[in-house]
Every structure is written in C-alpha cells, then in structure tokens.
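Enquirer: Sequence:
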Amino acid sequence: EKYHPALVLNAMDTVNTFTLSLWDFGGQETFYTMHHIFLTRSGIYLLVFDTRELLETSKSLNASNYILFWLRSIKMHAPA
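The numbers in our numbering rise by one with no breaks, and the one at position 59 of the sequence shown is 138.
In case anyone wonders, no lab produced these hints; they're calculated from the structure. Remember, it's a predicted structure, so these values are computed and weren't measured experimentally. Every residue, glycine too, gets a C-beta built ideally from N, C-alpha and C. Be aware that a few hints might be false.
Pair by pair, the computed Cβ-Cβ distance ranges are [claimed, not checked]: (1) S121 x N144: 25 to 35 Å; (2) L99 x I153: 29 to 39 Å; (3) L147 x I123: 14 to 24 Å; (4) Y145 x S100: 15 to 25 Å; (5) V94 x T136: 27 to 37 Å; (6) R151 x K81: 23 to 33 Å; (7) F148 x R120: 37 to 47 Å; (8) S143 x W102: 22 to 32 Å; (9) I146 x V94: 24 to 34 Å.
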C-alpha cells in the first residue's frame, strides 16, 4: 500500500472540492505590465525572498526595494 487511504482524496467528489491555481511571478521587469491580469482581490499571496540578501550590505538596499515593489504591487492590484 503506497498511501494511507485516509490521505487519498476522492477526485470525483464535486461537493467538497476547490480549484487551486498557482502562479510564479519570477520578477522580470518585462512582465510587470501583466500583473494586473493575475493579481485579484480574491487571491491569496505569498511573497518569497532570500533573507540572506537583506543581511548582505551590498545587496540590502536592492533586496528591500524589490520586496517593497511586490508588496505595493499586490496592494495596488488586489486591494483588501
């Protein structure tokens, strides 16, 4: 038995299912103009970044600006 039966979801159960879409915004400036299409009020957003860049003096300002860009972009395109 590969998986415990309690952990396997019934794929045909339409009553207790939901759709999950994951989008990876890599951050290239080329795609900034497309964000408004994908960032919506009903979305849940997870901002992932490398904290080591915040600790390195040479990268700290750039990393902080990048994080602020994403937070502002989410706030602008998907207001609460």
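Enquirer: If a hint holds in the structure, say so; if it does not, say that too.
Expert: Now for the hints, and whether the structure bears them out:
no., hint, verdict
1, S121 x N144: 25 to 35 Å, "28 Å, holds"
2, L99 x I153: 29 to 39 Å, "18 Å, violated"
3, L147 x I123: 14 to 24 Å, "20 Å, holds"
4, Y145 x S100: 15 to 25 Å, "24 Å, holds"
5, V94 x T136: 27 to 37 Å, "55 Å, violated"
6, R151 x K81: 23 to 33 Å, "45 Å, violated"
7, F148 x R120: 37 to 47 Å, "20 Å, violated"
8, S143 x W102: 22 to 32 Å, "24 Å, holds"
9, I146 x V94: 24 to 34 Å, "40 Å, violated"
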